[in-house]
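**Student:** Residue numbers (numbering that gives the first Met the number 0), protein chains in the order written: chain A, 0 to 247; chain B, 0 to 197.
One should not assume that every hint holds.
As the list claims (entries may be wrong) - Covered stretches of chain A (in silico footprint by chain B; criterion: 3 or more residues with CB under 8 Å from a CB of chain B, positions within the stretch not fixed): (1) 39–45; (2) 83–89; (3) 116–127.
Said to hold, decoys possible - Pairs of lysine to aspartate or glutamate residues, derived as DMTMM-like cross-links and limited to a Cα-Cα distance of at most 25 Å, are as follows: (4) LYS15/B to ASP51/B; (5) LYS160/B to GLU245/A; (6) LYS80/A to GLU184/B; (7) LYS64/A to GLU11/B; (8) LYS174/A to GLU150/A; (9) LYS45/A to ASP183/B; (10) LYS41/A to ASP51/B; (11) LYS54/B to GLU17/A; (12) LYS43/A to ASP178/B; (13) LYS43/A to GLU180/B; (14) LYS76/A to ASP178/B; (15) LYS160/B to GLU244/A; (16) LYS50/B to GLU38/B; (17) LYS76/A to GLU184/B; (18) LYS41/A to ASP178/B; (19) LYS45/A to ASP89/B; (20) LYS41/A to ASP89/B; (21) LYS22/B to ASP14/A; (22) LYS41/A to GLU98/B; (23) LYS50/B to GLU17/A; (24) LYS80/A to GLU192/B; (25) LYS43/A to GLU98/B; (26) LYS15/B to GLU17/A; (27) LYS43/A to ASP86/B; (28) LYS235/A to ASP183/B; (29) LYS95/B to ASP14/A; (30) LYS80/A to ASP114/B; (31) LYS50/B to ASP14/A; (32) LYS226/A to GLU244/A.
None of these hints come from the bench; they were simulated from the model. Keep in mind the model is a prediction, meaning the values are calculated, not measured. No residue lacks a Cβ here, since even glycine has one placed at the ideal position from N, Cα and C.
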Amino acid sequence: MGELKSHALVLRTRDYREADRLVTFLTREEGKVTAVARGVRKTKSKLSAVVEPLTLGFFLLHRGKSLDTLIQGEIVKPYRKLREDLLLFAYGQYFCELCEAALPEREPSLPVFLLVLTALEALESDSQPARVARCFELNLLETLGYRPAMENCQHCGSSTGPFYFDFINDGLVCKNCPIPGESRLLSGAAAAVMKRFLNNGFHRLSVCGVPSSLNYEIAHINAELLKKALGKSRFKSVEFLQSLEEWS
Amino acid sequence: MLYPEPIARLIEAFQKLPGVGPKTAQRLALFVLNLPREEVVFMARAMVDAKDKTKYCQICGNFSDSDVCFVCGDKRRDVHTICVVQDARDVLAMEKMREFKGVYHVLGGAISPMDGIGPDQLRIRQLLERLKSGQIRELILATNPNVEGEATAMYVSRVVKPLGIRVTRIAHGLPVGADLEYADEVTLSRALEGRRDF
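Take these sequences, add in the hints, and give me the full structure.
**Tutor:** Below, the structure is given as structure tokens:
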């Protein structure tokens with residue numbers, strides 16, 4: 000039993016029983032935690048707004064035998080821009096889905112917590128949400144211990160592109176070295192951007208121009224790496240995100 | 000097995016209801032056993048009838064026992080104003096108000112990318128078909144005031160606005176009877192944004 004007081008980001012909610020919701024939090028202290036928020040679907044609930052997805056709050060959870068119960072909550076940052084723009088909302092949901100898939104229940108992961116908050120901040124301020132997403136994907140992979148080798152060719156050490164991205168060893172192979180079966184052509188510019196994202200994170204992200212052709216190349220590599228690392232064949236929010244991007 | 004097979008089956012059936020666990024199911028099953036036979040038959044028939052005879056309105060998607068629901072079939076309703084709601088239960092909530100004289104369109108859910116629910120899973124295409132008639136003047140978006148409801152409202156607004164139809168969103172703010180001191184900052188800021196002359 001006992002209680003947990005923690006800053007947490009609301010990743011997902013699901014309706015539960017008559018007026019309750021099951022809330023998946025990404026807490027600062029204990030990683031992913033699912034708790035029941037009682038009565039939050041009623042209009043007069045004091046906790047309705049604080050358990051909305053993409054809300055950063057400070058929460059008090061009571062530990063139960065099977066499920067925790069949300070006792071109190073206070074909004075720290077509601078990320079309003081993400082709720083008021085359809086594309087940003089879709090990206091925010093994608094980030095939450097990745098975090099949910101990446102972490103097992105109750106395994107503390109402060110780096111992932113801090114990373115997703117930085118990514119959501121960047122999403123609110125950056126003019127290119129796709130650039131933020133690519134940077135988040137790569138840094139999430141690194142945080143989880145799946146950093147791709149983007150420095151030079153893994154075989155001969157050459158730093159001149161174009162490269163192939165080797166999906167077996169998760170790294171670059173130049174065109175002069177034996178090209179592995181599971182690989183994809185990657186331009187030198189795309190490799191350089193990926194390297195920059197991994198080395199600098201979100202620092203001065205807005206000065207790193209990523210034209211749509213490069214974004215497409217990086218997105219494809221990242222998607223394969225994430226599928227492999229997180230053991231999922233597809234991420235549901237990607238479909239909606241792609242339909243919005245095509246539309247815009 | 001502690002119970003004879005018919006009772007065990009009834010307990011299992013009750014457990015399929017939302018929020019009903021094994022203990023409650025057991026209590027409900029024993030309660031049913033003590034009811035007069037005609038009441039049990041009445042309950043069973045009511046469930047089967049509701050399942051067999053309930054349809055969805057061909058126009059708006061609301062619950063109905065005929066092809067057209069009681070709202071769409073009412074000639075006194077203002078067919079130029081459509082109120083878009085997420086669920087057929089929301090139609091009943093709106094109708095309790097007795098102030099809305101327009102008609103409805105039930106989307107059948109809200110956009111939830113993480114659950115794989117996008118516009119194609121909702122009745123948005125049917126809404127656009129209705130709007131093509133040219134007689135609609137206003138579309139009121141009454142999806143839930145949560146992130147999924149807002150996303151759905153934004154999406155519908157984005158596809159409908161180019162058609163030149165007035166699109167409005169129901170107001171957000173404090174519930175009647177609530178205390179201001181307990182209101183959260185998101186609700187309060189929305190209430191402030193939506194203030195009007197007094």
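**Student:** If a hint holds in the structure, say so; if it does not, say that too.
**Tutor:** Results for each hint:
As drawn, the region 39–45 of chain A meets chain B at 3 residues by the rule of a beta-carbon pair under 8 Å; at three or more, the given contact holds. With 5 residues carrying a beta carbon less than 8 Å from a beta carbon of chain B, the region 83–89 of chain A meets the three-residue requirement, and the given coverage holds. Counting residues of the region 116–127 of chain A whose beta carbon lies closer than 8 Å to any beta carbon of chain B gives 0, which falls below the threshold of three, so the coverage claim is violated. Annotation: proposed proximity of LYS15/B to ASP51/B holds, straight-line Cα distance about 19 Å (limit 25 Å).
With a C-alpha separation of about 19 Å, the suggested pair LYS160/B and GLU245/A falls inside the 25 Å cut-off, and the hint holds. With a C-alpha separation of about 15 Å, the suggested pair LYS80/A and GLU184/B falls inside the 25 Å cut-off, and the hint holds. A C-alpha spacing of about 24 Å is found between LYS64/A and GLU11/B, which places the hinted pair at or below 25 Å, so the restraint holds. The suggested pairing of LYS174/A with GLU150/A holds, with an alpha-carbon distance near 15 Å, which does not exceed 25 Å.
Restraint check: the Cα-Cα separation between LYS45/A and ASP183/B comes to about 7 Å, which is no more than 25 Å; the hinted pair holds. Taken as a hint, the LYS41/A and ASP51/B pair is broken in the structure, with Cα atoms around 31 Å apart against an allowance of 25 Å. Our distance criterion of 25 Å between C-alpha atoms is met by LYS54/B and GLU17/A, whose separation comes to about 24 Å. With a C-alpha separation of about 10 Å, the suggested pairing of LYS43/A with ASP178/B holds against the 25 Å cut-off.
Restraint check for LYS43/A and GLU180/B: the C-alpha separation of about 13 Å stays at or below 25 Å, so the hint holds. Only pairs whose Cα atoms come within 25 Å are accepted, and LYS76/A paired with ASP178/B is accepted, the gap being roughly 22 Å. With a CA separation close to 19 Å, the supplied pair LYS160/B and GLU244/A stays within the 25 Å bound. Under the criterion of a C-alpha separation no larger than 25 Å, the hint pairing LYS50/B with GLU38/B is consistent with the structure, at around 18 Å.
With a C-alpha separation of about 10 Å, the suggested pairing of LYS76/A with GLU184/B holds against the 25 Å cut-off. Annotation: proposed proximity of LYS41/A to ASP178/B holds, straight-line Cα distance about 15 Å (limit 25 Å). For a cut-off of 25 Å, the pair hint linking LYS45/A to ASP89/B stands: about 22 Å separates their Cα positions. Our distance criterion of 25 Å between C-alpha atoms is met by LYS41/A and ASP89/B, whose separation comes to about 13 Å.
Taking the CA atoms of LYS22/B and ASP14/A, the gap is about 22 Å. The hint holds against a cut of 25 Å. The straight-line distance between the Cα atoms of LYS41/A and GLU98/B is roughly 22 Å, inside the 25 Å bound, and the hint therefore holds. A hinted pair counts as satisfied when its Cα atoms are at most 25 Å apart, and LYS50/B with GLU17/A qualifies at roughly 21 Å. This hinted pair checks out: LYS80/A and GLU192/B have alpha carbons roughly 15 Å apart, not beyond 25 Å.
Of the supplied pair hints, the one linking LYS43/A and GLU98/B holds, its CA atoms being roughly 22 Å apart against a limit of 25 Å. Restraint check: the Cα-Cα separation between LYS15/B and GLU17/A comes to about 14 Å, which is no more than 25 Å; the hinted pair holds. Taken as a hint, the LYS43/A and ASP86/B pair is honoured in the structure, with Cα atoms around 20 Å apart against an allowance of 25 Å. Taking the CA atoms of LYS235/A and ASP183/B, the gap is about 31 Å. The hint is violated against a cut of 25 Å.
Note on LYS95/B and ASP14/A: the hinted pairing holds, with a Cα-Cα distance of about 23 Å set against a maximum of 25 Å. Annotation: proposed proximity of LYS80/A to ASP114/B holds, straight-line Cα distance about 22 Å (limit 25 Å). Note on LYS50/B and ASP14/A: the hinted pairing holds, with a Cα-Cα distance of about 23 Å set against a maximum of 25 Å. Of the pairs offered as hints, the one joining LYS226/A and GLU244/A holds, with about 21 Å between alpha carbons and a cut-off of 25 Å not exceeded.
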